[in-house]
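Enquirer: Protein sequences, first through last, are from chains A and B. Residues -18 to 474 (this note's numbering) are what the first sequence spells out, left to right. Residues 6 to 122 (this note's numbering) are what the second sequence spells out, left to right.
Worth double-checking, as some hints may not be accurate.
A few chain A residues facing chain B, derived, Cβ under 10 angstroms [to be verified]:
(1) 117
(2) 121
(3) 124
(4) 128
(5) 132
(6) 159
(7) 162
(8) 165
(9) 171
(10) 174
(11) 377
Pulled from the structure, derived: some chain B residues nowhere near chain A, Cβ distances all over 12 angstroms [said to hold, decoys possible]:
(12) 11
(13) 14
(14) 22
(15) 41
(16) 58
(17) 64
(18) 67
(19) 68
(20) 69
(21) 77
(22) 88
(23) 97
Worth flagging that the hints you see were computed from the coordinates, not collected in a lab. We put the beta carbon where it would ideally sit given N, CA and C, even for glycine.
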Amino acid sequence: MIEHLPILQILVPMLTAPLCVLSRRPLVSWGLALAATWFALATSIQLLIRVLAEGTISYELGGWPPPWGIELRIDLVNVFVLLTVTAISSVVLTAAPRSLEKEIAEQRHYLFYAAYLLCMTGLLGMTATGDAFNVFVFLEISSLSSYILISMGTHRRALHAAFQYLVMGTLGGTFVLLGVGMLYMVTGTLNIVDMGARLGEVGPNRTVLVALAVIVVGTSIKLALFPLHSWLPNAYTYAPAMVTAFLAATATKVAYYVLVRFVFRVFGVELAFTALRLDAVLMPMAILAMFIASTVAIYQSDVKRMLAYSSLAQIGYMVLGLSLASVTGLTGGIVHLFNHAIMKSALFLALACVVLRIGSTKLDDLRGLGQRMPLTSAAFVGGGLGLIGVPMTAGFVSKWYLVLAALEGGFWPVSVLILLSSLLAVIYIWRVVEVIYFQSPPEGAAAVKEAPWSILVPTWILVGATFYFGISTSLTVGVASKAAALLVNGDAP
Amino acid sequence: MDPGLYNYWVVIVLMMSGLYVVIARSNLVKKLIGLNVFQVSVIMFYISMGKVDGGTAPILEDGFEIYSNPVPHVLMLTAIVVGVATLALALALVVRLYGAYGTIEEDEIAEMDDQDT
Chain A
-18 MIEHLPILQI
-8 LVPMLTAPLC
2 VLSRRPLVSW
12 GLALAATWFA
22 LATSIQLLIR
32 VLAEGTISYE
42 LGGWPPPWGI
52 ELRIDLVNVF
62 VLLTVTAISS
72 VVLTAAPRSL
82 EKEIAEQRHY
92 LFYAAYLLCM
102 TGLLGMTATG
112 DAFNVFVFLE
122 ISSLSSYILI
132 SMGTHRRALH
142 AAFQYLVMGT
152 LGGTFVLLGV
162 GMLYMVTGTL
172 NIVDMGARLG
182 EVGPNRTVLV
192 ALAVIVVGTS
202 IKLALFPLHS
212 WLPNAYTYAP
222 AMVTAFLAAT
232 ATKVAYYVLV
242 RFVFRVFGVE
252 LAFTALRLDA
262 VLMPMAILAM
272 FIASTVAIYQ
282 SDVKRMLAYS
292 SLAQIGYMVL
302 GLSLASVTGL
312 TGGIVHLFNH
322 AIMKSALFLA
332 LACVVLRIGS
342 TKLDDLRGLG
352 QRMPLTSAAF
362 VGGGLGLIGV
372 PMTAGFVSKW
382 YLVLAALEGG
392 FWPVSVLILL
402 SSLLAVIYIW
412 RVVEVIYFQS
422 PPEGAAAVKE
432 APWSILVPTW
442 ILVGATFYFG
452 ISTSLTVGVA
462 SKAAALLVNG
472 DAP
Chain B
6 MDPGLYNYWV
16 VIVLMMSGLY
26 VVIARSNLVK
36 KLIGLNVFQV
46 SVIMFYISMG
56 KVDGGTAPIL
66 EDGFEIYSNP
76 VPHVLMLTAI
86 VVGVATLALA
96 LALVVRLYGA
106 YGTIEEDEIA
116 EMDDQDT
């Protein structure tokens, strides 16, 4: 049983999804989905403990040894991503029912849970697999179900956003498929480890160069790296609140992981950064994302949309960590992956409370929210502090490592830019704080109750985690620095 | 031109025309046609790379020595399924969009979106 955990983590959510559809009852399907997600979380904790103790786990699907058979390969890097995805999925799903009642017709709730589980299956599969073609298949499983989730939003613009995401996402997925095909042509293998080893022998040629370009573009679309981000703001704004909380914290993170895995373990530092100069492309994009997206966020009148643009800026920080191509930089990137997942899902869950009680996330409608919903407002401020990167919050830790890495690499202007772009985050978070605490509620506004405990408790767990991981960094930085060393040098220290 | 590269030229032409249609057309169904052409070009790319000159299907039989590589062909079965699923979902979304907006021209939909806000 215990040796089959890597595959069970993917299979259990996948097989629970049709059970949800068969049950058709909201409460039953919620219970089933909850059991599956918490099982996956328990599994990834168990896997993390095992990987820390024994090193990389290789699971042979159907007993066929790699590189011929398909391998699930769990090492320090992806077990950390698995932990992030399962933790966020479990917490968000626990909070889901009350918010869904407001936004989705009850007879369609079971479909929501089924799509949610399938999306999670795809994300976990992309992360756990050691096979390059499997990455594409799981990518499409998660993408197709996320289009469905987004289209469930109340506003008709949700449909349009889902369609735009579908077109962009399919282009991205097909680009990844094309890149994998070119790598197969050059190496004759689909196993990621084997591919990396053989590509090192081949060296840079035109096919490898094009494969790198195509895979970077494909994953950057899924990652919403500036300037390939056009699908993200609308998708996040018009999706149901719970979907935004889930996708913002998981989908782009897994795409980041795939990019990192391909760049460092398939192409390798030598090929990607020395021979093909990937950093010269990614670093300017990352810095532009940090500044342009943060600046656009300042001018938004809808808080949900503002946070969507803020996500684009945070993706910039993660890609910046990658483009520095050093152990410290990648540590910063991977820690930020985890920290941003917690902070953003906390913020979007707080907004889910607001949607539930106020029915809108327009800045104007949030006036005086501090008096009307004190716990929700405080949670928003907590998450916002993390986003800015105030000391003692998780956001500070990851930005600290990014600044260190920039200085280490001799890019001191970049470290100044990281600090400057954080000031932009101060501005857009402050705009919201000012409105909710220092303006009186609109006249004639109906009295609102504080949000229900079922959403507030998960929100506060995530806000608490934002502060916990800002103070105690042994889990996050400890694992991420070893993972980064594994990616850059090929072995853990 | 080397006949060995003929397939790849077709792939490039199909891929670029598919991508062009996705970008240039406003009609959502035409966009999807472009998207499908784009996906099919990648399928052709895989099939072409698996072909070995003079090779037969990979079935063990006396008298046949050279086989085409079956792996890319098998992979494409999955990719075709993915393509069909994507297209089905996309068309379902187009139906819903038509119900909600009364049109499937993206520029008109975008105009209505602007008026909504």
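Enquirer: Checking each numbered hint in turn, tell me which of them this model violates, lowest number first.
Expert: Going through the list in order, the structure violates hints 10, 11, 15, 21, 22 and 23 and respects the others.
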